[in-house]
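Trainee: Work the whole structure out from these sequences, hints included.
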Amino acid sequence: MNEKNKPILEVKGLKTHFTTKRGVSKAVDGIDFTLHKGETLGIVGESGCGKSMTSLSILRLIPSPPGKIAGGSVLFKGKDLVTMPEGEMREIRGNEISMIFQEPMTSLNPVIPVGEQIAEAIRLHQKLGKKAAWEKSVEMLRLVGIPSPEKRAKQEPFQLSGGMRQRVMIAMALACTPEVLIADEPTTALDVTIQSQILELIKDLQTKIGMGVIMITHDLGVVAETCDKVAVMYAGNIVEYASTEQIFANPKHPYTQGLLDSLPKINEDVDELKTIEGSIPSPYNMPSGCRFASRCPYKEEMCTSHKPELIEQNDGVKVRCWKYTDEWTGTIKKEEVV
Amino acid sequence: MLMFILRRILQIVPVIIGVTFVVFFIMQLVPGDPAVLLAGEGASKEAIEAVREQLGLNQPLYIQYFEYLMNVFKGDLGVSLKNSQPVLDEILVRLPITIELAFFSIIITVVLGMTAGIISAVKPYSLTDVSVMLVALLGISLPSFWLGLMLMYFFSVKLQILPVAGWDSLLHVILPAVTLGAGGAAIVARMTRSSMLEVIRQDYIRTARAKGLREHIIIYKHALRNALIPVITVVGLQFGALLGGTVLVESIFAINGLGRMIVDAIRTRDLPMVQGGVLFASLIFVVVNLFVDVFYRIFNKRIELN
Amino acid sequence: MSVEVKTEQPTVITQSISNPKESKLKDFLSILMINKAAMVGGIIILFYIFIALFAPLLAPYSPYDIHLENKLMPPSADHWLGTDDKGRDILSRILYGSRLSMGVGFAAVLFGAFFGIIFGLVAGYYGKWVDSIIMRMMDIMLAFPGILLALAIIAALGPSLINVTIAVGAFSVPLFARIVRGSTLEVKRLEYIDAIRSLGANDLTIIFKHIFPNILSPIIVQGTLRLATAILSAAGLSFLGLGAQPPSPEWGTMLSIGRDFLFSAPYVALFPGLAISILVLGFNIFGDGLRDAFDPRMKK
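In order, the protein sequences belong to chains C, U and S.
The first sequence lines up with residues 1 to 338 when you count with the working numbering.
The second sequence lines up with residues 339 to 644 when you count with the working numbering.
The third sequence lines up with residues 645 to 944 when you count with the working numbering.
If you are wondering where the hints come from, they were derived from the structure by calculation, not from laboratory data.
A hint or two may mislead.
[Said to hold, decoys possible] Taking lysine-lysine and the DSS-like style, the derived pairs with C-alpha atoms no more than 30 Å apart in a straight line are:
| # | chain 1 | residue 1 | chain 2 | residue 2 |
| --- | --- | --- | --- | --- |
| 1 | U | LYS559 | C | LYS154 |
| 2 | U | LYS461 | C | LYS15 |
| 3 | C | LYS68 | U | LYS461 |
[Said to hold, decoys possible] So, partial list: chain C residues that the calculated Cβ filter (under 10 Å) puts toward chain U:
| # | residue |
| --- | --- |
| 4 | LEU59 |
| 5 | GLU91 |
| 6 | ASN95 |
| 7 | ILE97 |
| 8 | ILE112 |
| 9 | GLU120 |
| 10 | HIS125 |
| 11 | ILE182 |
Just so it is clear, CB atoms sit at the ideal spot from N, CA and C, and this is done for glycine as well.
Mentor: Right under this line is the structure:
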C-alpha cells in the first residue's frame, strides 16, 4: 500500500490570502507537499493554522471574495489546478478529487433525499442515466455500511443520525472513485465509537480504490491510526514534514514536540496534560521571524528577527527551525535539543 | 403532522372569538346612544325604545356580546342601516371581487418579488443587485394610493393603453393588482435576497460545489429550495397587508369590493356593515395564515430537526 | 500645569464609569457614522424636521388662502409646484403639511411604543399566565389584516386626525410588544439579573433600570421602521377622507384632492405623494442602517 510511484498531487508554494477591512490575512502562506497514489498524508495543526484553507484551496472552494489564491501551484497529474479554467476544474471536483467535510450535520442539503445527493454527482461525472445513477447511489450507501440502503436513499438528512450522515458524505465523495480524497476533520463531530468506524471505512475503501488521501486533523490519534506521512502546520506554514513513525518517535520542531507532549500517554501516570503556552499570531500581522518564536521554549534572538526555511535533514525529515541549521547560535546545542 | 394541523385549528378558535370580541367592543366606543343612531334621526321616543328592545340593547353588555357571537356563528351579521339588507348578503356579493384582486396581487408579489430577490442574490453587490434593491426600497416606501394614481395617470391618461377604473375585464385588473402587489413584492424581494445570501454561506452549498455541480444547479436546486422556506412566512404576513390595502386600491380604481364597502360604510356610519366587513376580512386572514403555517411546517420540519 | 492634570485625570475616569449612557450614545453615533446608508436616511429625516420646524419662514404663501383666479396653475416661477383647485400654493401646503404628517406619525408610534413596551416588558418578565394572556391579546390584534383594525377604530370614534393617530398607534402596539417581549426574555436569562434580584431589588427596578436599557436597540430599530409605516397608514386614512379634513394641508388629504384633478392637473397629486415617498424612504433607509449597525453579526 505504501509503494511509491508517480506523485498524483504536488502542492508547490501555495498561498491563499483573505483581504478584509482589517487587512490581508495570509491564511496559507507558502505550502509544499506531495501525495502519492495509495498514500495517506496527514495535515495537522491547531484550528486557525490554515489546514482547512489549504484543503479548500486545492479544490478552489475558498469563498471568494474575500479569499484568493495568491500564488503557487497545485499539480494534479501534472496539470495545474490553480490556473485551470473553471469548467475543467468542475470536472475534477467530486470526480477525480473529492472531499469530506467536518460537519456531517450541516454538510448535506436538508431538503434533498440523500440518494439524490449522491446520484447527482454520478449523473454529472459518469454520464449515467437517472435510473442507473440511482442504483449506483444505493450501491454506494451499501458499500459504506448503511443498512437497508434502498430505504435510506429516499430519506432526507434529518431522518439520519450523525454517523450515518458522515457515511453518506463518504459515499458521495467516493461515488466517482476519485484518485484523491481530502478528508477535512471527518470524525471530529462524531462519537468516539463511530469515529474509529469511519476511519476504518476510509482506510478500507482506500485499499479498494487505491486513492491518495489527505487527512486534515488536529487529532494526533487519528494521524497515528491512518497516516503514512505528516505535515505539521503552524500559522500558515508547514513547520515539520516527515513520516508518521519519525514524527512520533523523534519530533524535531519545538511545536511538534509540544503537540506530542499534550497527548495523554497510556503508560505514564500524569496528573496534568501539558499545553503549549500562548496563542497563534494574528494572521493579519505575522511576525517577521519564526512564527512560533513567541511560544517557543528555545527562542533566541535570531528566531524573532529572521524566518527559518523548511530544510531537509539527513534523515529525510523537513523542519522549519533555526536549531537544525549551521547558523544556530543558541546556548542549547543541536544534539541536546534532539 | 395531523396533530399539528388539529392543534393549530384549535388555536385559531380563541383568536376568532377574540376578533369578534374586539369588533363588538370597538363599536361600543361609538359616542352617544346606539339606539338613537340605529333608529335614525328624528325618531320618536317610542321608536327608539322599540329599537332598543328589539336589538336587546337594554341587556347587559356581556349578554349582548354573547348574542352577537351566536348570531355570527349562525351567519347573521346584522342588517345594513342604509338599506336594511343583511350584511352577509352584501359581503358575499363583494367578496369574490376582492378575492380576485387579492389573488392577482399576491401572484405579482410572489413572482415579481422572488424573481427580483434571486436576480439580486446571484450576483451580490453587483450593479444589478444594487439597482434591484434600490427599486425594492422605493417599493416599500411609495404610498400605494399614490403609486396607483401615478400608474393610472401614466397608463390610462397619457398612454391610454389601460382602462382608468372599474372591474370588467382582465385589463382592468392589471393596474390595481400591480398597485396592491408592488409593496409586497418589494418586501419579498428583500427577504428572498437575504435568505439566499444566508443559504449560500451554508456548508451544504460548499458540498454541492465540491461535487463539481454547475453554478445554476447549485443556485436553483440546492440554494433556492432552502432559501424560499422563510419567505413563505413573509408572503403570509404580506397577505394581511394586502387585504388591508384593498381598502385603498379599491377606492382609487372604483372597484366594488369588500374594502371599498367598508370605507363607504364608515363614511355613512353604517356600523353593522363596518363590523361585518372587518370581521370577514379578519377571518379570511386568520384562515390564510393557518394554511401558511401548515405549509411552512411541512417545509421546515426537516430543517428544524437538522 | 502638572497639578491640574493630576487632579483632572481621576474625574475623567470616574465619569466614564459612572455614566454609561454617554458612552452608549457615543457608540451609537459612531455606528451611524460608519453606516453610510443610515447617514443618508438620517439626513433626509433631519431635512424634513427642519422644514416642519421652520415651515412659516420657508413657505412663500399661506397654505390656506384661497385665490380662485389662480386655480390649478402648473408649476411656474411664482408657484414652484403649482396651485391646487382653490388656487393655494402647493409648495406652501406641503411645507406646512410636514408638521401634520410627521406629527401624526411620531405621535402614533410613541403611543404604540408606550403601550407595546409596557405589555412586552410585563409579558416577558413575569412569563407564565401573564405572558399567555397578554400575548394572546396581541395575537388577536395582529389577526386584523393591515389597516383594518385602524379602520374599525375610526369607524367607531369618527374621522379626525387625532383618531387616526390613536388608530394607527393601536395597530403598532402588538408589534412593539412582541419585539420587547422577545428581548426581555433574552436579557432576563442573563446571570446578572439574578444577582441583582438576590440583592433585593424589586421588580420595577429590575425592569426599568436593568432590562429596559438593554433592549433599547431593537426598540429604536422597530420604532424607526414603524414610523415609515405609520406615516404611510395615516396619510392613507386621510386620503380616504377618514383623517385630516380639508382644507387641512395634510399630505394624504392633498392627494385625495389631486385625485379629482388627475386628468387635468396631475401635479396636484404628484408632489404631495413625492413628499410622503421621500420621507418614508428616509425612515426606511435609516431603519435598515440602524438594524445592520446593531446586528452583532454585521459588527465584525
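Trainee: Evaluate each hint against the coordinates.
Mentor: To see whether the hints hold, each was checked on the structure:
1. Restraint check: the Cα-Cα separation between U:LYS559 and C:LYS154 comes to about 17 Å, which is no more than 30 Å; the hinted pair holds.
2. A C-alpha spacing of about 26 Å is found between U:LYS461 and C:LYS15, which places the hinted pair at or below 30 Å, so the restraint holds.
3. Between the alpha carbons of C:LYS68 and U:LYS461 the distance comes to roughly 18 Å, so the proposed pair stays at or under 30 Å and holds.
4. Checking C:LEU59 against chain U: minimum C-beta separation of about 6 Å stays under 10 Å; hint holds.
5. Against a cut-off of 10 Å between C-beta atoms, the interface hint on C:GLU91 holds, since the closest Cβ of chain U lies about 6 Å away.
6. Taking 10 Å as the C-beta contact cut-off toward chain U, the hint placing C:ASN95 at the interface holds, the least distance being around 6 Å.
7. Given the 10 Å rule on beta carbons, the hint for C:ILE97 holds: about 9 Å separates it from the nearest Cβ of chain U.
8. Satisfaction of the interface hint for C:ILE112 is found here, the shortest Cβ-Cβ separation to chain U being roughly 7 Å, below the 10 Å cut-off.
9. Because the closest C-beta pair between C:GLU120 and chain U is about 7 Å apart, less than 10 Å, the hint holds.
10. Among the interface hints, the one on C:HIS125 holds; its C-beta lies about 7 Å from the nearest C-beta in chain U, closer than the 10 Å criterion.
11. About 9 Å separates the beta-carbon of C:ILE182 from the nearest beta-carbon of chain U, less than 10 Å, and the hint is met.
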